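Fit chains B and C to the supplied structure of chain A, relying on the hints for placement.
As they're listed, the protein sequences go chains A, B and C. The first sequence begins at 1 in the numbering used here and counts up by one. The second sequence begins at 335 in the numbering used here and counts up by one. The third sequence begins at 617 in the numbering used here and counts up by one.
It is worth saying that the hints were derived from the structure and are not from the lab. Just so you know, these numbers come straight off a predicted model, no measurement behind them. Treat each hint with caution, since some may be false.
Chain A is nowhere near these chain B residues, computed Cβ spacing over 10 Å in every case [to be verified]: (1) L407; (2) G430; (3) V481; (4) A592.
Only some residues are given here: those of chain A computed to face chain B with a beta carbon under 7 Å [claimed, not checked]: (5) L48; (6) I123; (7) M130; (8) Q137; (9) D295; (10) H299; (11) Q301; (12) I309; (13) M312; (14) G321; (15) G325.
One side only, chain C facing chain A, incomplete, derived with CB under 7 Å [stated by the list, open to error]: (16) A691; (17) Q692; (18) R696.
The beta carbon of each residue, even a glycine, is placed where N, CA and C say it ideally should be.
Letter by letter, the chains look like this.
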Amino acid sequence: MTNTVTEESMVTPSQPLAHTYAAGIAIVAFFVGAGIAALVASNLAMTLLTQAVITGLLATGVGFLIRQNGMVSFGHAAFYGIACYAIALAMRHGIVRAELAIVLALVVPTAIAFFLGLVIVRIPGVAFSMLTLAVGQAFYEFAMKARNVTGGEDGFSVKLPSTIFGIKTAIFQNPHTMFVVSWGVFVVIVLFLTMVATSPFGRLTAAIRENEERSRFIGYETVLPRVLVLTLSALVTAVAGVLFTLYNTFVSPDVLHWSLSGSALIMAIIGGPRLIWGPGFGAIIYFFAKDIAGDISEHWQAIIGIILIIVMVLLPTGLGGTLAGLLRRRVGYG
Amino acid sequence: MFIQILNGLAYGGLLYIVSVGLVLIFGLRRIVNFAHGSLFMIGAYVGFSVAAIGSFWGAILIAAVVLGLVGALLDISIFRPLQREDPIVTVLVTFGLLLVLEDFAQFVWGKDFLRMPVPAMFAGSVSIFGDSFPAYRLVVIATAALVGLGLTLWLHLSKIGLYVRASNADPLTTAMQGVDTDRVSIIVVALGAALAGLSGTISAPLLALSPSMGGYILIESFIVVVVGGLGSFAGAFIAAIVIGQVHNFGLVYVPWAATMFPFVLMVAVLIWRPTGIAGSHV
Amino acid sequence: MAENYAIEGIDLTRSFSGFFALNGVSIAVPRGEIRGLIGPNGAGKSTLIDVLSGRAARWSGRVKMFGEDISAMSAQQRRRSGVARSFQRTNIFPDLTVLDQLEIAARAAEIPNVDEIMSELTLSALAHKRATDTSYGDQRRLDLALALIGRPKVLLLDEPAAGLSIKESLDLAHNLRDLAARWGVTVLLVEHDMEVVFSICDRITVLHLGNILAEGTPAEIREIPEVVTAYLGSTV
Chain A
1 MTNTVTEESM VTPSQPLAHT YAAGIAIVAF FVGAGIAALV ASNLAMTLLT
51 QAVITGLLAT GVGFLIRQNG MVSFGHAAFY GIACYAIALA MRHGIVRAEL
101 AIVLALVVPT AIAFFLGLVI VRIPGVAFSM LTLAVGQAFY EFAMKARNVT
151 GGEDGFSVKL PSTIFGIKTA IFQNPHTMFV VSWGVFVVIV LFLTMVATSP
201 FGRLTAAIRE NEERSRFIGY ETVLPRVLVL TLSALVTAVA GVLFTLYNTF
251 VSPDVLHWSL SGSALIMAII GGPRLIWGPG FGAIIYFFAK DIAGDISEHW
301 QAIIGIILII VMVLLPTGLG GTLAGLLRRR VGYG
Chain B
335 MFIQILNGLA YGGLLYIVSV GLVLIFGLRR IVNFAHGSLF MIGAYVGFSV
385 AAIGSFWGAI LIAAVVLGLV GALLDISIFR PLQREDPIVT VLVTFGLLLV
435 LEDFAQFVWG KDFLRMPVPA MFAGSVSIFG DSFPAYRLVV IATAALVGLG
485 LTLWLHLSKI GLYVRASNAD PLTTAMQGVD TDRVSIIVVA LGAALAGLSG
535 TISAPLLALS PSMGGYILIE SFIVVVVGGL GSFAGAFIAA IVIGQVHNFG
585 LVYVPWAATM FPFVLMVAVL IWRPTGIAGS HV
Chain C
617 MAENYAIEGI DLTRSFSGFF ALNGVSIAVP RGEIRGLIGP NGAGKSTLID
667 VLSGRAARWS GRVKMFGEDI SAMSAQQRRR SGVARSFQRT NIFPDLTVLD
717 QLEIAARAAE IPNVDEIMSE LTLSALAHKR ATDTSYGDQR RLDLALALIG
767 RPKVLLLDEP AAGLSIKESL DLAHNLRDLA ARWGVTVLLV EHDMEVVFSI
817 CDRITVLHLG NILAEGTPAE IREIPEVVTA YLGSTV
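Next up, chain A with everything else stripped away, as it sits in the complex:
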């Protein structure tokens, strides 16, 4: 009975070992992505992939919030869109250099998420979803109505210098090279979130998600950890917004609209938010399915609605989760 510690160290690899393993996978994944970019000649396919990875990062933020906090957000487009507008507005008025604008684009939505989080993470369950939908849409309404600041419905194009952080800006606008950049960022973020999730902080937030009350009665503050998860998830989302703006060089209130939040949520659910990489996987499926469906039918929206319903009812761990489960059974453990 007393040798549980040694048993444990045999069963689960120690944390540094697990991290080395995860880092190894990440490096391989990065080169596979770079290889795809080198091999695929089609601009169209690469455009699709680049969009999928950038939006996949947004979905990763949404999924991480579900995974660690059990909170389903319908408002993450706000953090994404604020990042987009932060760069666009800073560049438009020539207030700061592009590099600083990018830093601002990461800091502002993250800070907003933190302060907003202090209020909204206390609101449990379904009410949180309703609230994020409404709060997210408030930013959209603002961008629509404050024409003299945001240009209103029409949006405006973003003027970027010829190099940013010493990288030629053209690299961000070519789908082949931008795919490699976005994919690299995506891999690094997934690796980072994996380390967070397996850290004591990650395990604590998972416990709070499981049972908030008991977490308090074993001695933990439960509001701040959840606020920090929301903040981190907003930061990831802001990174997606930055990539989008560099790639697209155009912003309009669409980047703040709740239908974008909804799409990101659908990607996260389809891919399976229990896996850190699940939402990104869901995004790739989403974009390719949309492209294929576009050739045969005009009813993509209804199709994705039905897919969402089917996944919710039949595959509660998402496609990624189901796939991973099948693989694990194949390999013969777990």
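Chains B and C alone, transformed into the frame defined by chain A:
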């Protein structure tokens, strides 16, 4: 000034009728229907189509009946099978339904904005304290008042109404009272959907019809029920009336920021009371 | 001296809509004592535990630990300063493994005695099982284990043996008695099973409709006719 209050009242009244559907379902099943705004939208379109060939009152009636049936179907096919799941499952499934219904409306009625004319008998204006006021808005206020009154009476006097109120206060104990929840639920969900359909038709002459109008009204009614306190009829009523006024005065005096006011009000209320005005637990 | 009381509730009152769950109850448990808390359903036992542990909202009165007023402390602050509790309705982390949740609890505690608790409560064999995959009895012990991590100074136990068999309850009770003696921990124990209460408690407090009806040693409590008729019945 008084005219502005009336304008706000018309909007607030409509918001209340839409939001009541959410309150009813939440009270009974502790779930939130994200497709509720789409029911409003379909109601507006159905009303539009019927009014084009028939009378305005016929349009209201048919929209309410059609949406009531949709509601009953919704309860049987989605809410009941999912009642043992986490409420968030129902949220996501009804979100999927929202997408399907929007696509459906776009397929049937097209993408472009449609306008439903104000019924001829209410096309004019009336004079109130010397100011002219569109007669149709008075009809809207009167209808909202009648529906609100009828609903309050129904909740307090009918057996189902009593059950719904009791369930709002304490779903667990009420479920043990031996009432057939499934039967009550069909009626309640159908009623909520019918009210969404009815308010959709009544609003149609005041709004531009588009498949995405459901999302807008969904968010507005969420603000109402979150501010009012989930599951509270009185809270939703107060919130709807206040938001109607705030919205309208914003439009008149600070038009560029008007759409922001309800959101600001919501966040302010939540900082003050995380469970909303009526403060029941979620 | 007040400091001799490990946990003390003074004039505790809690009412909902005119009904008093606690009506000015004062209770003081000396250091190292195992105090039983008995009374019929609705007597206010769980409410008392809730108020002492920081779970209840809207109550009046004062709560002290070793003479220090902890009334204003949140539940987590009370836990960190040494007041731990278990729950009548099993309150664990269903999706985490037994070991995982005990380790998380241990990180918040000064004494991370995970191995000790697992072997005391015979949970070691279940270390890597998800809590939801263990038996009801295991889950009850896990609920208790979460409270015992860190060797708290005061234990508030709300029917730790609820739903267990007579043998399991008695085993658990003597296990508790043992631990309490070794650690010098003070225990306030709500328990329905009279055999358990009378076999391990030093003193017993009887609650009835939010008031204290009687207080004394097990022998004294057995002698009070109103307690016997109102609550114990003829079985004891």
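Going down the list of hints, with the structure as the test:
| no. | hint | verdict |
| --- | --- | --- |
| 1 | L407 | 14 Å, holds |
| 2 | G430 | 4 Å, violated |
| 3 | V481 | 23 Å, holds |
| 4 | A592 | 8 Å, violated |
| 5 | L48 | 21 Å, violated |
| 6 | I123 | 6 Å, holds |
| 7 | M130 | 4 Å, holds |
| 8 | Q137 | 5 Å, holds |
| 9 | D295 | 17 Å, violated |
| 10 | H299 | 5 Å, holds |
| 11 | Q301 | 4 Å, holds |
| 12 | I309 | 4 Å, holds |
| 13 | M312 | 5 Å, holds |
| 14 | G321 | 15 Å, violated |
| 15 | G325 | 19 Å, violated |
| 16 | A691 | 5 Å, holds |
| 17 | Q692 | 5 Å, holds |
| 18 | R696 | 5 Å, holds |
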